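Visitor: As a plain string of letters, each chain reads:
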Amino acid sequence: MTAPLERIAEKLQAAEPLSFDDGMELFTHRNLLDVANLANGVRERLHGDRTYFNRNFHINATNVCVASCRFCSFARLEEGSPSAQTLTHEEAWQKLQRRVDAGEPVTEIHIVNGLHPGLPFSYYTELLAGLKRIKPNIHLKAFTAVELHYYHQRYGMPVEEVLQQLHAAGLDSLPGGGAEIFAPRVRKKICDDKCNADEWLNIHRIAHNMGLRSNCTMLYGHIETLEERVDHMLRLRALQDETGGFQTFIPLAFHPDNNAMMKLPGPTGVEDLRTYAVARLLLHNIPHIKAYWVMLGIKTAQTALWFGANDLDGTVQEEKIYHMAGAETPQTLAPDEIIRLIVNAGRAPVERDTLYNVIAEGDALLPKTPFRRNVNKRSLEVMP
Amino acid sequence: MIESESLVAATLPTHPLPFVGPDLFTSARAANAVRHTLSADRCVFSRSRRLLPTGTWYGPKDAADAYVEDIDVAALGGLEAAMGVGVRAWVGSNLSQLAQAHALGLRTFLRLLYNAGEDTATRLEKLAQVKAAVNEGLITAAVVPTPTDEPMGLDTLAFFAQCRLQLPAVALAADFSRLGHRLAQMALGFGANELFGPIVAERALRVGENANNPALTRKEAAVFIKGASLVPFERLAGGRLEEVTV
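Protein sequences appear in the order of chains A and B. Residue numbers for the first sequence follow this note's numbering, beginning at 1 and rising by one. Residue numbers for the second sequence follow this note's numbering, beginning at 385 and rising by one.
Simulated from the structure, these hints should not be mistaken for lab results. Check each hint, because a few of them may be wrong.
[As the list claims (entries may be wrong)] Only pairs whose alpha carbons sit at most 30 angstroms apart, straight line, appear in this in silico DSS-like list of lysine-lysine:
hint	chain 1	residue 1	chain 2	residue 2
1	A	K189	B	K445
2	A	K263	B	K610
3	A	K263	B	K603
4	A	K188	A	K263
5	A	K263	B	K515
6	A	K189	B	K603
7	A	K135	A	K95
[Stated by the list, open to error] To give a feel for the contact side, a few chain A residues facing chain B, derived at Cβ under 10 angstroms:
hint	residue
8	L32
9	L33
10	A183
11	V270
12	G297
13	W306
[Claimed, not checked] Now the in silico label distances, taken between C-beta atoms and shown as ranges:
hint	chain 1	residue 1	chain 2	residue 2	range
14	B	E464	A	A348	50 to 58 angstroms
15	B	V615	A	F20	48 to 56 angstroms
16	A	A168	B	V607	48 to 56 angstroms
17	B	R587	A	P117	20 to 28 angstroms
The model shown is predicted, which means the values in this text are computed figures rather than measured ones. We put the beta carbon where it would ideally sit given N, CA and C, even for glycine.
Given only the sequences and the hints, what does the whole structure look like? Please build it.
Guide: See below:
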């Protein structure tokens with residue numbers, strides 16, 4: 001190892017937080033394996049071989065959106081546009097009802113939406129309340145800080161009241177999207193008309209102070225510099241020092257297809273792995289690093305389990321946002337497939353709920369189905 | 385000079401493949417050390433064109449490598465017939481055809497087929513066969529580990545490392561059209577020192593029916609290799625290597 005990396009290793013040994021310069025050294029260090037080795041050491045010190053996943057599905061209640069994020073392939077400006085969709089409550093509730101009727105042991109619904117200009121606030125509270133009526137113990141991980149900020153502006157309520165009403169209706173935690181990159185230079189270019197970094201962070205601060213947990217994210221691999229990536233992560237770390245409410249950090253790989261930034265190539269495999277490794281090292285106070293397989297691809301997500309990640313997210317089901325941006329991964333992964341990926345990576349699968357309570361691990365999780373060949377990348381039938 | 389035999393003995397996984405385990409970094413470091421001995425930080429690619437079974441070419445006219453895949457040879461009327469229309473390289477997994485191609489003076493790329501779920505014994509047997517072919521001088525271009533189904537990420541990387549350790553003196557190529565761009569680039573950090581796949585002068589946008597076309601331009605290939613902390617070199621016609629600066 002080089003001298004700078006040895007100094008970083010000493011800091012890690014002493015449980016000393018890494019600095020901005022350390023982050024830059026990690027991002028620019030020539031030997032990725034050395035960085036990965038450090039990240040893996042931290043990962044194993046925190047979690048051993050345990051690798052978490054959960055059974056969830058997504059609801060995107062509406063993709064009608066007044067924002068104009070340049071990296072987005074999901075949003076449509078108005079109702080009636082091609083591929084614009086707003087679910088009725090019944091349509092949304094039916095997604096859970098049919099899973100309950102089929103006996104699927106799903107524990108979480110991930111709900112994110114466009115910023116619809118015409119829906120009343122009650123649309124969202126009733127959406128949540130209806131889901132809870134169907135399955136009271138389902139965890140509703142819903143609404144990015146961007147959406148919450150929009151509701152605060154659109155409906156004229158303080159953020160606290162927005163969160164209180166949603167929480168009363170069934171909101172259990174926040175998914176953490178919409179952070180993109182905090183640097184104003186980047187936000188101005190790629191997502192100028194939604195909440196800024198301070199507003200995003202403050203909404204999470206308020207949520208944490210209310211007792212709600214949340215995840216946090218970073219969209220990387222577009223126009224941001226390495227300095228801006230490090231800055232983004234350190235700002236998250238600072239809020240975590242204050243509130244302790246972040247559960248998981250999720251680096252999100254930019255996908256260039258079908259959006260206004262499609263001339264950009266997107267991040268490479270090596271860049272993905274390095275970002276994961278650096279995240280694990282910089283964010284000492286955020287317990288989990290999640291490899292979101294939908295965006296990374298299954299192969300890279302699996303590899304990331306040795307580069308700092310300890311969570312593979314969930315079965316997902318019905319993911320639209322990144323598939324409309326060109327993600328070629330399946331739209332769902334059966335639990336047995338996730339388990340197989342984790343076991344094949346030499347890690348120990350642990351099924352969790354949203355709050356990282358263990359649902360099952362060990363022999364109870366051994367795959368019961370044979371390995372599937374010739375996987376269809378576009379769709380995968382839901383395995384029982 | 386690193387003794388590859390002792391290195392192999394020291395770094396063979398203690399668990400049966402595809403389990404990766406804590407040997408991953410050890411294997412990768414050892415593999416990269418072997419790669420460095422062979423080719424320093426150089427990673428070579430060449431613009432190539434492939435003779436399709438229909439008799440048409442896919443790839444740039446000024447490609448350095450004009451090759452045929454073993455599965456297409458019969459449809460083209462045999463290796464000599466293919467050579468008659470300009471083929472100068474052979475790519476495949478068929479060992480008897482490999483010998484024939486070598487005898488005819490073609491540059492030879494041997495595809496080392498693997499699939500997720502194979503055990504260590506099977507993998508080592510395959511590597512032993514390839515090693516024998518290397519020792520006979522039959523592989524004049526590169527060994528190309530090629531998945532026969534959807535490859536696992538870590539299994540593939542661990543396999544590349546083991547291939548490098550077992551085959552220290554031959555070029556090891558990552559086929560990005562079979563592995564995907566991400567995994568192929570990662571493989572360059574696990575012992576591979578060549579990039580294989582459709583590298584063209586210009587390519588169409590990846591939209592519509594062309595959405596999944598894996599082809600890279602020369603510049604993209606060079607950036608790809610640089611991203612893996614290696615130095616890109618292009619193999620030109622005649623075998624000359626030229627560093628590509630981007």
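Visitor: Now, for every hint given, state plainly whether the structure supports it.
Guide: These are the hints, each one checked on the structure:
no. : hint                                   : result
1   : A/K189 with B/K445                     : 41 angstroms, violated
2   : A/K263 with B/K610                     : 20 angstroms, holds
3   : A/K263 with B/K603                     : 15 angstroms, holds
4   : A/K188 with A/K263                     : 18 angstroms, holds
5   : A/K263 with B/K515                     : 43 angstroms, violated
6   : A/K189 with B/K603                     : 26 angstroms, holds
7   : A/K135 with A/K95                      : 12 angstroms, holds
8   : L32                                    : 6 angstroms, holds
9   : L33                                    : 5 angstroms, holds
10  : A183                                   : 22 angstroms, violated
11  : V270                                   : 5 angstroms, holds
12  : G297                                   : 6 angstroms, holds
13  : W306                                   : 6 angstroms, holds
14  : B/E464 with A/A348: 50 to 58 angstroms : 55 angstroms, holds
15  : B/V615 with A/F20: 48 to 56 angstroms  : 29 angstroms, violated
16  : A/A168 with B/V607: 48 to 56 angstroms : 52 angstroms, holds
17  : B/R587 with A/P117: 20 to 28 angstroms : 40 angstroms, violated
In summary, the numbered hints that this structure violates are 1, 5, 10, 15, 17.
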